[in-house]
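Chains A and B, in that order, are what the protein sequence lines are. What the first sequence shows, in my numbering, is residues 8 to 167, in sequence order. What the second sequence shows, in my numbering, is residues 5 to 512, in sequence order.
Fair warning: there could be bad hints in the mix.
DMTMM-like cross-link-like pairs, simulated, lysine to aspartate or glutamate; straight-line CA separation at most 20 Å [as the list claims (entries may be wrong)]:
1) LYS43(A) - GLU46(B)
2) LYS119(A) - GLU97(A)
3) LYS119(A) - GLU46(B)
So, partial list: chain A residues that the calculated Cβ filter (under 8 Å) puts toward chain B [what the hints assert, rightly or not]:
4) PHE17
5) TYR42
6) GLY59
7) PRO60
8) ASN149
9) LYS150
10) TYR154
11) MET158
Keep in mind that the hints were calculated from the coordinates and are not lab data. Ideal placement from N, C-alpha and C gives every residue a C-beta, glycine not left out.
Residues per chain are reported as follows:
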Amino acid sequence: MQKVVIVEDFCIACYNCEVACVATHSRSEEPIKAYKRENLRGRSNALVEVNGPIAFSAMCRHCKHPWCLDTCISGAIQRLDNGIVYLDEERCVGCWGCVLGCPYGVAHPNLKGEEKHAFKCDLCIDRLEAGLKPACVEACPNKALIYDETMEETEGAYNR
Amino acid sequence: MLYKKPQIQYYPYIVQRDDYKCVRCLGCVEQCSYDATFYDEELDVIWNKHEACVGCKRCEAMCPTDAIKIVPNPSRPYEHGSWKWDLVMDAYLQANTGSIIITGIGNDKPYRVYFDHLLIDACQVTNPSIDPLREPMELRTFLGRKGQRIELDETVDGNLALKTRLAPQLQLETPIMFSAMSYGSINLNFQESMARAAVQLGTYWNTGEGGLHKRLYPYAGSGIVQVASGRFGVSRDYLKAAAAVEIKIGQGAKPGIGGHLPGEKVNADIAETRMIPRGSDAISPAPHHDIYSIEDLRQLIYAIKEATRYEKPVFVKIAAVHNIAAIASGVARAGADVIVLDGFRGGTGAAPKVVRDHVGIPVEVAIAVVDKRLRDEGMRNEVSIVATGGIRSSADVIKAIALGADAIYIATAAMLAIGCTLCQTCNTGRCAWGITTNDPRLARRQNPEIATEQLANLVKGWSHEMKEMLGAMGINSIESLKGNRLRLRTIGLSEKESEILGVLPAGM
Numbered sequence: 008m009q010k011v012v013i014v015e016d017f018c019i020a021c022y023n024c025e026v027a028c029v030a031t032h033s034r035s036e037e038p039i040k041a042y043k044r045e046n047l048r049g050r051s052n053a054l055v056e057v058n059g060p061i062a063f064s065a066m067c068r069h070c071k072h073p074w075c076l077d078t079c080i081s082g083a084i085q086r087l088d089n090g091i092v093y094l095d096e097e098r099c100v101g102c103w104g105c106v107l108g109c110p111y112g113v114a115h116p117n118l119k120g121e122e123k124h125a126f127k128c129d130l131c132i133d134r135l136e137a138g139l140k141p142a143c144v145e146a147c148p149n150k151a152l153i154y155d156e157t158m159e160e161t162e163g164a165y166n167r
Numbered sequence: 005m006l007y008k009k010p011q012i013q014y015y016p017y018i019v020q021r022d023d024y025k026c027v028r029c030l031g032c033v034e035q036c037s038y039d040a041t042f043y044d045e046e047l048d049v050i051w052n053k054h055e056a057c058v059g060c061k062r063c064e065a066m067c068p069t070d071a072i073k074i075v076p077n078p079s080r081p082y083e084h085g086s087w088k089w090d091l092v093m094d095a096y097l098q099a100n101t102g103s104i105i106i107t108g109i110g111n112d113k114p115y116r117v118y119f120d121h122l123l124i125d126a127c128q129v130t131n132p133s134i135d136p137l138r139e140p141m142e143l144r145t146f147l148g149r150k151g152q153r154i155e156l157d158e159t160v161d162g163n164l165a166l167k168t169r170l171a172p173q174l175q176l177e178t179p180i181m182f183s184a185m186s187y188g189s190i191n192l193n194f195q196e197s198m199a200r201a202a203v204q205l206g207t208y209w210n211t212g213e214g215g216l217h218k219r220l221y222p223y224a225g226s227g228i229v230q231v232a233s234g235r236f237g238v239s240r241d242y243l244k245a246a247a248a249v250e251i252k253i254g255q256g257a258k259p260g261i262g263g264h265l266p267g268e269k270v271n272a273d274i275a276e277t278r279m280i281p282r283g284s285d286a287i288s289p290a291p292h293h294d295i296y297s298i299e300d301l302r303q304l305i306y307a308i309k310e311a312t313r314y315e316k317p318v319f320v321k322i323a324a325v326h327n328i329a330a331i332a333s334g335v336a337r338a339g340a341d342v343i344v345l346d347g348f349r350g351g352t353g354a355a356p357k358v359v360r361d362h363v364g365i366p367v368e369v370a371i372a373v374v375d376k377r378l379r380d381e382g383m384r385n386e387v388s389i390v391a392t393g394g395i396r397s398s399a400d401v402i403k404a405i406a407l408g409a410d411a412i413y414i415a416t417a418a419m420l421a422i423g424c425t426l427c428q429t430c431n432t433g434r435c436a437w438g439i440t441t442n443d444p445r446l447a448r449r450q451n452p453e454i455a456t457e458q459l460a461n462l463v464k465g466w467s468h469e470m471k472e473m474l475g476a477m478g479i480n481s482i483e484s485l486k487g488n489r490l491r492l493r494t495i496g497l498s499e500k501e502s503e504i505l506g507v508l509p510a511g512m
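Okay, chain A solo, but in the shape it has when bound (with noise of 0.2 Å):
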């Protein structure tokens, strides 16, 4: 299963995965350029929610039948033949189709750069084909992002 499982049990609301996620996708790779040189804060593409005591990091779910991609009028998101669904931010013409569509709530509208595209996750796609595990899965310091491709996909939530 091409996703990374969100176990709400254990997440400590850290926001480690958000920065993790900041700077893998910023040129330099390297938070405090990214967050401050680069100026991509508010660019992470896992969004921690919290709530009392639960919390959770929110982030793109691939969806097998994506409600982002059909609602794109552009061609900018595309599902991938591994199951990757990948929004193109060159192609992107900002009409936030995808920001509404989404369920989850994890298609984000860039709103403070220049550009006006919107973003999302994309598992961390040229790690994976490093073999490397998605940075927020890596970042996460209480196995609380879990990221294992022999994992079957259900329906119900992840049970330990």
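Chain A is fixed; fit chain B onto it per the hints.
The following block gives chain B in isolation, referenced to the frame of chain A:
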């Protein structure tokens, strides 16, 4: 009011933040459970309320850009040889509150640590040392009454069979067990991790006095259940499920003091496990109200033995105090299978600071005098000795066993394995590391999967080191080291101290 009272203004820790490195991820704000860190949206700055910081270093550990350092405040109260800064702070604090100061963890005062004044022997030339990587090395330990003698019978086919009925024994693959920490004082994730690690390691864990949660019954076969003065959670199933039963008379961190889990911490789960109403204070009285003599203790020991059909060893845990040898001798005569000696550096979830810091004696001395007394009285074989309270490393384990212990319990070391930073605020129930808290937001910080591995790693590491030390001494079984004080020497101790420990000074 801008004026702050001294005990607030002379706060002990400063949160040093490198503002350039800080990327405002807000992780530290979320991690701080003491309300010492908060985000100012207007200025886009993270502020710290230094006076609220307890120095647990959680934010420092979790900061992804290494922007935070927790440092002692150089401006905390001046001190001299007699008035240390914490004593000054305590005086300020009590002048405001008029109450007892409660604290956690163990005694932090610089008393002499006898373990650090004991040296271990090694073989040279005349007797060969052993390489534990090439030759078998045994750490297996049996706890329980060994008896005076055994009788054998010849069976019809000519083999020998044991005629004597042996007393129940616990089999440990390494003489390191996890000490009593109750559900309530710690959370279930940590307790489950200890239980899982104990099963994995072939050793035992202890429930503490807070009962056995239903989720942990599968691990009860490696569990020692405690019967303390509050009798929380004691039931037929509880006694039946465990490998052994421990009667807790005292705790090294607070000898002579009972326990008190405040009602606000007693949630539905804890209430069910402790078998008390939700929200009611869980008070463990200082004494067992049915034990006022050795004879009374004997009644309870035998009541438990009857209830468990003499199939389980009964431990009696006592705090190391003055005259411990005579007390232990009485406990042995009362019928205990194992005596647990808890030294004054042992940990606690909450204890009056004055008691924690000033009551009791070191466990090293207690082991030495109890072992000697029981030997002199010819009853050392009747009872095993477990030492706890201040065991910090594998060397301490070896030294404790050489002084006369059979096995040891670790608790503070186990907490260190899963992140504890000894900030001494266990009593607040706000442990930012998710150890001594039942707040659902904080308890999830211990993932049993990770914690189990960390705990098992610590014990495995210590066990390997112990094998190395045994090999260096030319011993291939931990049994041969037990009470073998000739393999120890003291350094920097007076003649009297060496005599009490029963160890020769270095050079002899």
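Is the shortest C-beta separation between ASN149(A) and chain B less than 8 Å? holds (5 Å)
Minimum Cβ distance from TYR154(A) to chain B below 8 Å? Since chain B brings no Cβ nearer than about 15 Å to TYR154(A), farther than 8 Å, the hint is violated.
Can the hint on PHE17(A) be confirmed by a CB-to-CB distance to chain B that is less than 8 Å? Result: holds, 5 Å to nearest chain B Cβ.
Is the shortest C-beta separation between MET158(A) and chain B less than 8 Å? The hint is violated - MET158(A) has no Cβ within 8 Å of chain B, the shortest such distance being about 15 Å.
For a C-alpha distance cap of 20 Å, please report whether LYS119(A) and GLU97(A) respect it. Since the Cα atoms of LYS119(A) and GLU97(A) sit roughly 16 Å apart, the hinted pair holds (cutoff 20 Å).
Hint validity - LYS150(A) Cβ closer than 8 Å to any chain B Cβ: holds (5 Å)
Quickly compare the C-alpha distance for LYS43(A) and GLU46(B) to 20 Å and report which way the hint goes. holds (18 Å)
Taking only the CA atoms, is the gap from LYS119(A) to GLU46(B) under or equal to 20 Å? holds (18 Å)
Given PRO60(A) was flagged as interface, is its beta-carbon under 8 Å from a beta-carbon of chain B? holds (4 Å)
Using Cβ atoms only, decide whether GLY59(A) comes closer than 8 Å to chain B, and label the hint accordingly. Interface hint status for GLY59(A): holds (7 Å vs cutoff 8 Å).
Does the CB of TYR42(A) sit less than 8 Å away from some CB of chain B? holds (4 Å)
Checked against the numbered hints given earlier, the structure breaks hints 10 and 11 and satisfies all the rest.
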